[in-house]
Amino acid sequence: MSEDIEFLKKNVRDFVQTEVEAVAMQIEEENKIPERIIEMSKEMGLFGLSIPEEYGGLGIGMVGKCALYEEIGATHNGYTTLIGAHTGIGTVGIVEMGNEEQRQKYLPDMAAGEKIGAFALTEPAAGSNATNLKTTAVKKGDKYILNGTKHYITNATEADVFTVMAVTDPLKGAKGITSFIVEKDFPGFHVGAVEKKMGLRGSHSAEVILEDCEVPVENVLGEEGHGYVNALKILANGRAGLAARNLGSCQKILDMSAIFAQTRVQFNVPIIEHQAVSHMLAEMAMEIETLRSFTYRVAWMVDEGMKVIKEAAMLKLFGSEVYNRVADKAVQVHGGLGYIADYPIERFFRDARITRIYEGTSEIQKNIIAGQLKKDYSL
Amino acid sequence: MNIYVLLKRTFDTEEKIAISGGEINSDGAEFIINPYDEYGVEEAIQIRDSQGGEVTVVSVGSGDAEKQLRTALAIGADKAVLINTEDDLEIGDEFTTAKILVEFLEDKEADLIFAGNVAIDGGSGQVGPRVADLLGIPYVTTITKIEIEGRNVNIIRDVEGSSETIEASLPLLVTAQQGLNEPRYPSLPGIMKAKKKPLEELELADLDLDENDVAAKTKTVDIYLPPKKEGGRILDGEVQDQVKELINLLHSEAKVI
Ligand SMILES: Cc1cc2nc3c(=O)[nH]c(=O)nc-3n(C[C@H](O)[C@H](O)[C@H](O)COP(=O)(O)OP(=O)(O)OC[C@H]3O[C@@H](n4cnc5c(N)ncnc54)[C@H](O)[C@@H]3O)c2cc1C
Ligand SMILES: Cc1cc2nc3c(=O)[nH]c(=O)nc-3n(C[C@H](O)[C@H](O)[C@H](O)COP(=O)(O)OP(=O)(O)OC[C@H]3O[C@@H](n4cnc5c(N)ncnc54)[C@H](O)[C@@H]3O)c2cc1C
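Just so you know, the protein sequences line up as chains A and B, in that order. Using UniProt numbering, the first residue of the first sequence is number 1, and each one after it goes up by one. Using UniProt numbering, the first residue of the second sequence is number 1, and each one after it goes up by one.
If you're looking for bench data, these hints aren't it; they were derived computationally from the structure. Don't be surprised by glycine CBs; every beta carbon is placed ideally from N, CA and C. Don't take every hint at face value.
Stated by the list, open to error - Calculated pairs, DSS-like style, for lysine-lysine (alpha carbon to alpha carbon, straight line, at most 27 Å):
(1) Lys195/B x Lys108/B
(2) Lys67/B x Lys108/B
(3) Lys42/A x Lys108/B
(4) Lys244/B x Lys67/B
(5) Lys172/A x Lys310/A
(6) Lys196/B x Lys42/A
(7) Lys175/A x Lys196/A
(8) Lys197/B x Lys10/A
(9) Lys105/A x Lys139/A
(10) Lys196/B x Lys9/A
(11) Lys10/A x Lys193/B
(12) Lys42/A x Lys139/A
(13) Lys197/B x Lys9/A
(14) Lys105/A x Lys67/B
(15) Lys16/B x Lys10/A
(16) Lys139/A x Lys184/A
(17) Lys193/B x Lys115/A
(18) Lys193/B x Lys42/A
To be verified - One-sided excerpt, in silico: chain A residues whose CB lies under 7 Å from chain B:
(19) Phe7
(20) Leu8
(21) Asn11
(22) Phe15
(23) Met44
(24) Leu58
Said to hold, decoys possible - Facing chain B, according to a computed beta carbon distance under 8 Å, are these residues of chain A, among others:
(25) Met40
(26) Gly45
(27) Leu46
(28) Gly48
Kindly produce the complete structure, drawing on both the sequences and the hints.
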């Protein structure tokens with residue numbers, strides 16, 4: 001890791017551990033991230049993490065991004081998700097598929113956090129099977145008219161700019177889907193019900209309702225008919241970052257567990273002296289170190305321009321599963337305290353659970369890996 | 001407005017500090033910008049942003065201080081100067097630092113100089129006032145508010161918890177007290193841009209000084225950690241006996257009577 005990245009990482013760590021950690025419990029109780037924290041994050045440039053320098057972003061590679069995501073993950077996951085969804089799936093579409101005009105128009109504001117981004121693919125009938133979209137886009141003159149309902153859209157309540165996938169040619173299946181840049185102020189755009197969730201408090205996922213929503217033709221993102229491929233690319237691009245955020249969370253709860261195990265005394269010794277406990281810590285540490293190596297390996301491959309469909313899927317899967325195992329052990333090490341909501345461990349345990357579901361479930365990642373293996377070993 | 005900020009690299013006293021061989025062990029220590037100097041950097045940037053001009057941060061120390069200077073550049077300072085005494089000086093004190101700074105600042109026509117009220121390591125609070133004195137400009141210490149109109153400066157300073165309002169004029173040196181502002185975190189793009197900002201490195205010879213000119217006037221005899229706080233003791237028994245035991249302990253154990 002270069003000295004620059006180390007320096008950026010240290011500054012993000014200082015900010016996250018001093019400012020965000022101080023309000024983590026407040027975020028959990030109020031289901032809201034304090035405005036002050038959001039403002040400070042904007043000033044620090046955290047919203048521009050994945051945007052090139054010429055559009056006001058940071059312009060660092062995937063290894064650098066992962067280094068920073070690790071720090072952003074080491075605190076309340078609602079905060080992590082606000083930043084992660086914006087800088088990941090929320091902005092990457094425009095960065096990767098946007099034309100020069102679109103980039104100029106949206107990215108500087110998004111880098112500054114003046115405009116928040118969201119990604120709207122999932123629908124009630126199209127979850128894992130994202131080719132089954134029911135939202136339609138019909139061209140009328142210089143506009144597309146979009147109709148349909150998206151759900152579980154993270155940051156929908158805060159976002160200004162949505163990357164929306166809709167069907168432009170129902171006869172072509174996956175090749176009949178197109179992606180659009182939709183602004184919240186376009187006529188016919190509404191945010192619907194906000195979900196009550198198991199965790200990720202402070203981050204909000206909601207319905208997006210498109211009722212004869214008018215989107216100018218120049219807001220087609222990438223080529224018509226490439227929407228599904230675009231969605232897969234955006235999700236694949238986000239995978240290393242998501243794993244890095246999981247890694248940060250894992251490290252945080254290992255830190256807490258290792259300290260707790262040395263201060264909590266039962267049977268006259270710190271519980272770390274009970275081998276059953278110390279072995280849990282050893283397993284946590286080993287899995288975290290493995291995840292760290294794998295994360296930076298895939299990030300490096302991305303920076304080298306290598307094809308990482310299989311590896312990114314493996315990393316998304318592994319990172320999520322490790323986070324869940326580590327969080328489970330962290331609860332166990334903490335005993336009853338690990339189950340009590342006055343203490344952060346139970347929150348991480350609940351927040352870990354979503355990582356096996358969103359941005360492609362663990363099962364879907366295995367399907368992707370297996371599909372690639374079939375190609376690798378084609379007879 | 002031509003603003004200079006004196007900045008010291010110091011260890012983070014919120015982290016664990018260890019002493020070995022009569023010196024602070026720097027291996028495990030975390031290093032930061034002296035927090036009082038950080039208030040100075042923040043204030044200088046705010047003044048520059050509202051009134052125009054340039055902010056230069058200056059540090060006397062070893063090559064390692066480059067990190068803290070880069071941080072100040074990332075926060076928003078325009079230029080940095082490191083006066084590296086690593087090869088020239090074994091030890092130095094407040095006189096040494098002040099003398100070097102004055103030699104550097106003399107021809108810079110600074111309108112306003114910020115220093116920290118104290119450095120959290122040495123804690124002498126001397127460097128700022130010494131620099132002002134040697135430069136022949138006025139100084140105001142422990143300021144918590146500063147307003148500048150033309151050449152006039154209105155200041156509120158902290159005096160042991162109360163405040164005092166002072167009128168002064170430029171050129172001026174002030175030392176920053178907690179409460180002056182809330183320093184911002186360096187922005188990430190700021191950090192990237194800081195790499196391209198000028199950081200000049202000087203040695204004593206560049207200032208026409210040699211080690212005799214700046215030889216320390218004081219000597220550090222010993223460095224030790226404060227004794228570990230131990231739990232209090234509660235005496236029991238009859239009051240008469242408690243008093244007797246207390247006196248006994250003050251005499252034989254604490255050796256204060
Ligand atoms: C908090 C939260 C935030 C979200 N944020 C966003 C967002 O910002 N944008 C967005 O577009 N979406 C978002 N989603 C949606 C998320 O990506 C989907 O929930 C996820 O892809 C799963 O889809 P589903 O819920 O419809 O489940 P289903 O697809 O119905 O899956 C149910 C179960 O069946 C399994 N399954 C389905 N198909 C197969 C198969 N072929 N092989 C094996 N197993 C299979 C799944 O793995 C799962 O276990 C979010 C969801 C949540 C809960
Ligand atoms: C929701 C809830 C309801 C509860 N209800 C009741 C109730 O109704 N009545 C009641 O009396 N109690 C109740 N409890 C307390 C519960 O039984 C204890 O929390 C539990 O026994 C663990 O004790 P502890 O929390 O002090 O953890 P600790 O004993 O500190 O354990 C911490 C960790 O160390 C491990 N450990 C400790 N000693 C050893 C050892 N010798 N060898 C190996 N590993 C060891 C533990 O397995 C655990 O992983 C409740 C707790 C909760 C959270």
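A quick look at each hint next to the structure:
1. Lys195/B x Lys108/B: Given pair lysine 195/B, lysine 108/B holds - Cα atoms ~24 Å apart, limit 27 Å.
2. Lys67/B x Lys108/B: holds (24 Å)
3. Lys42/A x Lys108/B: Roughly 36 Å separates the two Cα atoms, so the pair is violated.
4. Lys244/B x Lys67/B: violated (58 Å)
5. Lys172/A x Lys310/A: holds (26 Å)
6. Lys196/B x Lys42/A: Judged against 27 Å, a Cα distance of about 22 Å means the pair holds.
7. Lys175/A x Lys196/A: Cα-Cα ~34 Å, so violated.
8. Lys197/B x Lys10/A: Distance of about 20 Å is within 27 Å: holds.
9. Lys105/A x Lys139/A: holds (22 Å)
10. Lys196/B x Lys9/A: Distance ~19 Å between lysine 196/B and lysine 9/A Cα, so the pair holds.
11. Lys10/A x Lys193/B: holds (17 Å)
12. Lys42/A x Lys139/A: Outside the cut-off at roughly 37 Å; violated.
13. Lys197/B x Lys9/A: Within the cut-off at roughly 20 Å; holds.
14. Lys105/A x Lys67/B: Between lysine 105/A and lysine 67/B the Cα gap is close to 36 Å, so the pair fails against 27 Å, i.e. violated.
15. Lys16/B x Lys10/A: holds (18 Å)
16. Lys139/A x Lys184/A: holds (19 Å)
17. Lys193/B x Lys115/A: holds (23 Å)
18. Lys193/B x Lys42/A: Since the Cα atoms of lysine 193/B and lysine 42/A sit roughly 17 Å apart, the hinted pair holds (cutoff 27 Å).
19. Phe7: holds (6 Å)
20. Leu8: Status holds, d = 6 Å.
21. Asn11: holds (6 Å)
22. Phe15: Nearest chain B Cβ about 5 Å off; hint holds.
23. Met44: holds (5 Å)
24. Leu58: holds (5 Å)
25. Met40: Check passed: Cβ of methionine 40/A comes within 7 Å of chain B, closer than 8 Å.
26. Gly45: Holds, about 4 Å.
27. Leu46: holds (7 Å)
28. Gly48: holds (7 Å)
Figure legend: structure checked against the earlier numbered hints; hints not met, in rising order: 3, 4, 7, 12, 14.
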